[in-house]
Amino acid sequence: DAGVIQSPRHEVTEMGQEVTLRCKPISGHNSLFWYRQTMMRGLELLIYFNNNVPIDDSGMPEDRFSAKMPNASFSTLKIQPSEPRDSAVYFCASSLYRGGDTQYFGPGTRLTVL
Amino acid sequence: GESVGLHLPTLSVQEGDNSIINCAYSNSASDYFIWYKQESGKGPQFIIDIRSNMDKRQGQRVTVLLNKTVKHLSLQIAATQPGDSAVYFCADVNYGGATNKLIFGTGTLLAVQP
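For the protein sequence lines, the chains are A and B, in the order given.
Per my numbering, the very first residue in the first sequence carries number 1; after that it's consecutive.
Per my numbering, the very first residue in the second sequence carries number 1; after that it's consecutive.
Read the hints as simulated data drawn from the structure, not as lab findings.
These numbers were taken from a predicted model, which means no experiment stands behind them.
Some hints could be false.
[Claimed, not checked] With a straight-line cut-off of 25 Å between C-alpha atoms, the simulated BS3-like cross-links for lysine-lysine are: (1) Lys-71/B / Lys-24/A; (2) Lys-24/A / Lys-78/A; (3) Lys-78/A / Lys-42/B; (4) Lys-42/B / Lys-68/A; (5) Lys-71/B / Lys-56/B.
Here chain B stands alone, though its shape is the one from the complex (with noise of 0.2 Å):
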């Protein structure tokens, strides 16, 4: 029969552009996020991270803005390159919850175009 997987979001962009990946998280308690990046065939990458008392935090390329009135967090990718070319996944944590482990989103293929 046929094989049914998970449909990745995928956004395709020039290299040289830059990059908006966005990511929908469930819970409003959440206290910290992250952004990973996973190549293909390698485990997923730490990025960056961002705790629920901050709206925007910059790295080396990268921005992770946080919008907790819609639960809403993005990363930016400042001109892309092609090794940005990979899945990137969004994660959150409730420390006060009964899991206190962080939650994946599904992932977002990004693939730069030459």
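This is chain A alone, in the form it adopts within the complex (with noise of 0.2 Å):
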């Protein structure tokens, strides 16, 4: 079975350009997450989204990242515009139901801004 599709795996991009991260959950899971990694303040979570609604987006750094899930295969996590303190490793990962269930994390993508 596939697990959680992350694209793509390696970004590097320049201050002030627009970043688009990529999530397909696993297959029957309604329940979608976006981490942060950072060696500074280790994961975080950024979002989720259950049935396609976002339920708490508490953890969005700020206006400059916003994150969709127009089905439930699909989501994005965008940055505009992007600077240097937002290198890290953005993870995504899914769970069957709710958001206290174990969730299954995808390979990451690693954001370079220069």
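Take the two lone chains and join them into the complex the hints point to.
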């Protein structure tokens, strides 16, 4: 079975550019999560969706970040404009029913903003 | 200036020895607990879980112990192998709480010496 799929795996961009990260959750899973991982702050939950609806976006750092889930099999995390401090590994995860269920993580997207 | 990152606790063990990784959680109402393993360059991977009505659960080479009295969770790995080298995270959730989402710890680095 395919796990969570993320693209791209690596992204290098210049400050001020728009960045879009993509995620395909495990088929049949109803919840989707976006995390950011850095050496400074560890693993941080940015936002999570249940049945395509954002449930908790309290971790989204600022208005430059936005996330969408137009359907059950696709989500995007967009940063516009990007800044060097956004450099991190961004993980997408999905769970079967709700936020407190076991989450299965994708391989991550390593973002570098120059 | 000098950057300061998270200082991960590190456990160094010899190959073949047993490893015990500890985690303290803060919410006495937590219902469900999970251990994740994160290898370098990969996303966190589910290892084993336990519900609050249990105090022990065994998997293949791994055992999770839960002590609700002192809010302590441990992961025991038998006959540790080089492939066990990774960062290990505990996570917990209170299903009756406001957030109903997994709360991750900061992680412990397990280094297996050959």
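Unmet hints by their number, sorted upward, for this structure: 1
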